[in-house]
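Residues per chain, in single letters:
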Amino acid sequence: MTTDWHLDPGLIEQYETGALEPSRIMAVEAHLLACADCRARIPADDAWLTDNWSAVYDDIHAPRLGPLQRLLTRAGLPEHRLRLLTATPALRWSWLLATAAVLMLAVAAARLGADGSLLVGQAFLVLAPILPVIAVSGAYGPPADPMHEITGTTPAAGPALVLWRAVSVIGVAVLMSTVAAVLLPGPGWYSVAWLLPALLLCTGTLALATVLSLPVAAGVLGGLWLAGVLAATGTSDDLAVAAMFGPTAQLAYLLSAALAAAVLIQRRRRFDLGESR
Amino acid sequence: MRRRRQRPIPPVSEQSSDAELLRAVAAGQTAALRLLHHRHAGWLRARLRRRCADPDVVDAAIQDTFVAVWKDAHRYEETSADAAAWLWTIAVRRLLSTLRGPAHRWLSGPADELPDVATTPSAEELVLLGVEHGALGPALDRLSPELRRLIEATALDGLSVREAAKLLGIPEGTAKTRLMRARTRLRELLT
Numbered sequence: 019m020t021t022d023w024h025l026d027p028g029l030i031e032q033y034e035t036g037a038l039e040p041s042r043i044m045a046v047e048a049h050l051l052a053c054a055d056c057r058a059r060i061p062a063d064d065a066w067l068t069d070n071w072s073a074v075y076d077d078i079h080a081p082r083l084g085p086l087q088r089l090l091t092r093a094g095l096p097e098h099r100l101r102l103l104t105a106t107p108a109l110r111w112s113w114l115l116a117t118a119a120v121l122m123l124a125v126a127a128a129r130l131g132a133d134g135s136l137l138v139g140q141a142f143l144v145l146a147p148i149l150p151v152i153a154v155s156g157a158y159g160p161p162a163d164p165m166h167e168i169t170g171t172t173p174a175a176g177p178a179l180v181l182w183r184a185v186s187v188i189g190v191a192v193l194m195s196t197v198a199a200v201l202l203p204g205p206g207w208y209s210v211a212w213l214l215p216a217l218l219l220c221t222g223t224l225a226l227a228t229v230l231s232l233p234v235a236a237g238v239l240g241g242l243w244l245a246g247v248l249a250a251t252g253t254s255d256d257l258a259v260a261a262m263f264g265p266t267a268q269l270a271y272l273l274s275a276a277l278a279a280a281v282l283i284q285r286r287r288r289f290d291l292g293e294s295r
Numbered sequence: 006m007r008r009r010r011q012r013p014i015p016p017v018s019e020q021s022s023d024a025e026l027l028r029a030v031a032a033g034q035t036a037a038l039r040l041l042h043h044r045h046a047g048w049l050r051a052r053l054r055r056r057c058a059d060p061d062v063v064d065a066a067i068q069d070t071f072v073a074v075w076k077d078a079h080r081y082e083e084t085s086a087d088a089a090a091w092l093w094t095i096a097v098r099r100l101l102s103t104l105r106g107p108a109h110r111w112l113s114g115p116a117d118e119l120p121d122v123a124t125t126p127s128a129e130e131l132v133l134l135g136v137e138h139g140a141l142g143p144a145l146d147r148l149s150p151e152l153r154r155l156i157e158a159t160a161l162d163g164l165s166v167r168e169a170a171k172l173l174g175i176p177e178g179t180a181k182t183r184l185m186r187a188r189t190r191l192r193e194l195l196t
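Residue numbers (our numbering), protein chains in the order written: chain A, 19 to 295; chain B, 6 to 196.
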């Protein structure tokens with residue numbers, strides 16, 4: 019569609035300053051859509067054009083999200099949290115690989131050694147609750163993260179950052195342990211019996227981290243757990259496992275975990291990542 | 006419809022048509038998007054500024070527009086519409102979503118999908134092309150501003166009544182009644 023009428027510089031200037039009467043504005047706009055020559059006649063500010071283009075260019079060349087990150091975004095995790103959790107690939111890979119290696123060794127040992135499989139299963143039951151704790155204390159903080167001092171000075175530092183990181187680490191560690199537990203031979207309930215102790219140890223570690231530094235808290239609770247289990251196993255074998263992971267004990271773990279969570283909520287202000295005090 | 010997907014895309018230049026540029030953009034050529042941006046950003050800016058007084062919002066809308074074009078240029082062929090009209094529909098909707106989006110744009114996720122819209126010129130648009138000469142111009146000028154803005158948003162910008170209501174910041178029901186009143190009033194003025 020062409021018309022015999024075209025825009026002239028005066029009209030364009032009036033249009034841009036808003037000095038035209040409404041009907042002529044509409045006429046100009048309708049004509050702009052239909053006429054490429056008049057579109058080109060609208061003066062463009064070169065500096066502005068370059069700026070705007072570089073913004074577009076940066077945007078389309080921004081790194082793309084991976085499939086896992088897109089899935090998490092779809093699940094409702096805000097993008098800036100995602101950025102925060104995925105910003106430290108070096109730290110992430112170290113504990114991810116370590117946890118995977120430990121679990122694979124456990125599964126391999128249990129599958130290969132047929133006669134000692136029950137023993138390995140019990141050993142897994144004892145060690146599995148500690149894995150997430152080791153992961154959370156080892157993944158971030160002074161020994162692992164050379165940037166922790168810089169991180170500590172940012173506005174994002176504080177309980178929220180520690181908890182977000184802890185949740186991500188514990189979530190993945192628990193997922194991996196669950197897979198290993200299902201693969202392990204042994205009584206069926208073995209594969210879930212370690213979950214509540216793990217919950218207790220994780221929340222307990224975080225609660226204790228309001229007093230001690232995170233690695234120390236993890237070491238203390240992990241040591242207590244190991245010592246307790248070893249002491250119980252020292253008396254008699256099968257009975258001890260039943261006692262440590264029986265219904266009564268599980269209920270006790272759950273209650274203690276709730277208690278630890280309450281302490282954590284109460285004392286959350288006193289909490290920061292790995293700083294010794 | 007021709008299938009160009011398999012054939013290699015010819016290199017683009019200043020003389021390429023909009024459709025050729027969009028095809029090259031769909032094939033992933035940044036240079037084509039740059040040409041398209043330099044050809045269209047100017048008038049889109051001038052026109053968007055008549056809709057929104059905040060230059061930052063307008064700039065953001067134009068950036069979003071070309072990012073959307075980069076992602077969805079392959080959908081252009083399907084609509085087989087005029088490229089300028091297609092760009093304008095995207096731009097005015099980007100402006101809308103920028104206006105109603107959260108204040109922290111850089112924290113929120115990417116904007117929603119490109120809407121499927123027909124960009125064939127409406128009857129009103131065709132009439133508006135002749136507004137310079139006919140009796141429609143004076144009639145439009147005599148319309149009250151809030152009625153005229155609705156005609157502008159629906160007939161000229163190609164927005165739906167709901168989107169027009171959002172742009173003007175009024176409830177959808179109000180927009181519907183105003184649009185009806187505007188059409189009746191125009192008919193009175195023209196007869």
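Worth flagging that the hints you see were computed from the coordinates, not collected in a lab. The beta carbon of each residue, even a glycine, is placed where N, CA and C say it ideally should be. Treat the hints with caution; some may be incorrect.
Label pairs and their computed distance ranges (CB to CB) [what the hints assert, rightly or not]:
no., chain 1, residue 1, chain 2, residue 2, range
1, A, Ile283, B, Glu177, 43 to 49 Å
2, B, Arg188, A, Leu89, 46 to 52 Å
3, B, Glu151, A, His79, 40 to 46 Å
4, A, Gly36, B, Arg186, 51 to 57 Å
Covered stretches of chain A, going by a simulated chain B footprint (3 or more residues, C-beta under 8 Å) [to be verified]:
no., stretch
5, 214 to 222
6, 262 to 276
Notebook entry, point to check: Is it true that the C-beta distance of Arg188(B) to Leu89(A) lies inside 46 to 52 Å, as the hint says?
Noted result: 48 Å, holds
Notebook entry, point to check: Count the residues of the stretch 214 to 222 of chain A with a beta-carbon closer than 8 Å to any beta-carbon of chain B: does the count reach three?
Noted result: Not satisfied, violated; 0 residues make the cut.
Margin query: Quick check: does the Cβ-Cβ distance between Gly36(A) and Arg186(B) fall within 51 to 57 Å?
Written below: For Gly36(A) and Arg186(B) the Cβ distance comes to about 25 Å; the hint is violated.
Margin query: Count the residues of the stretch 262 to 276 of chain A whose Cβ falls closer than 8 Å to any Cβ of chain B, and tell me whether that reaches three.
Written below: violated (count 0)
Checklist line | Range hint compliance [Cβ, Ile283(A) to Glu177(B), 43 to 49 Å] | finding: 44 Å, holds
Next item on the list: Look at the Cβ atoms of Glu151(B) and His79(A) and judge whether their distance stays inside 40 to 46 Å.
Entry: 43 Å, holds
Hint compliance for this structure: hints 4, 5 and 6 are not met, and every other hint is.
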